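Trainee: Sequence:
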Amino acid sequence: EDYCHTCTSRDDARVDLLEIKTYREINPDKAPIIVLRYSHFFIIETLDNLIGIREVYLVDRNSKFTRLKDVSTKLSRLIPRCLD
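Residue numbers (our numbering): 216 to 299.
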């Protein structure tokens, strides 16, 4: 319920750091969010551009994350850290 687009009280949270949009300004059907530890959440494109999330997760043809890739031989280009 905290992340329900229509009933959340967090609609002013910055979720798109590339276009500087709040949760209220995006369409989560077109720009799905990922909830991180400590309740921060961002659209997938923001996380992919900042930390290369698609480098470590497999994505199906519907752009849904299915599982972790085998990254035992390489690391993501950046170490993920809290964005705020």
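Wrong hints could be hidden among the right ones.
Unchecked claim - The calculated DSSO-like cross-link candidates involving lysine-lysine, where the alpha carbons are at most 27 Å apart (straight line), are:
| no. | residue 1 | residue 2 |
| --- | --- | --- |
| 1 | 284 | 245 |
| 2 | 279 | 236 |
| 3 | 245 | 279 |
Unchecked claim - Distance ranges between label pairs, derived from CB positions:
| no. | residue 1 | residue 2 | range |
| --- | --- | --- | --- |
| 4 | 224 | 247 | 19 to 27 Å |
| 5 | 222 | 284 | 28 to 36 Å |
| 6 | 227 | 275 | 25 to 33 Å |
| 7 | 276 | 243 | 27 to 35 Å |
| 8 | 224 | 251 | 16 to 24 Å |
| 9 | 224 | 249 | 30 to 38 Å |
| 10 | 285 | 226 | 31 to 39 Å |
Source of the hints: derived by calculation from the structure; they are not laboratory data. Only a predicted model underlies this, so the values are computations on that prediction, with no experimental measurement involved. For each residue, glycine too, the CB sits at the ideal point set by N, CA and C.
Trainee: Determine for every hint whether it applies to the structure shown.
Mentor: So, going through the hints one by one against the coordinates:
1. 284 to 245: 24 Å, holds
2. 279 to 236: Since the Cα atoms of residue 279 and residue 236 sit roughly 22 Å apart, the hinted pair holds (cutoff 27 Å).
3. 245 to 279: 12 Å, holds
4. 224 to 247: 19 to 27 Å: 20 Å, holds
5. 222 to 284: 28 to 36 Å: 35 Å, holds
6. 227 to 275: 25 to 33 Å: Given a distance of about 32 Å, which is inside 25 to 33 Å, the answer is holds.
7. 276 to 243: 27 to 35 Å: 19 Å, violated
8. 224 to 251: 16 to 24 Å: For residue 224 and residue 251 the Cβ distance comes to about 18 Å; the hint holds.
9. 224 to 249: 30 to 38 Å: The hint (30 to 38 Å, Cβ to Cβ) is violated, given that residue 224 and residue 249 are roughly 20 Å apart.
10. 285 to 226: 31 to 39 Å: 38 Å, holds
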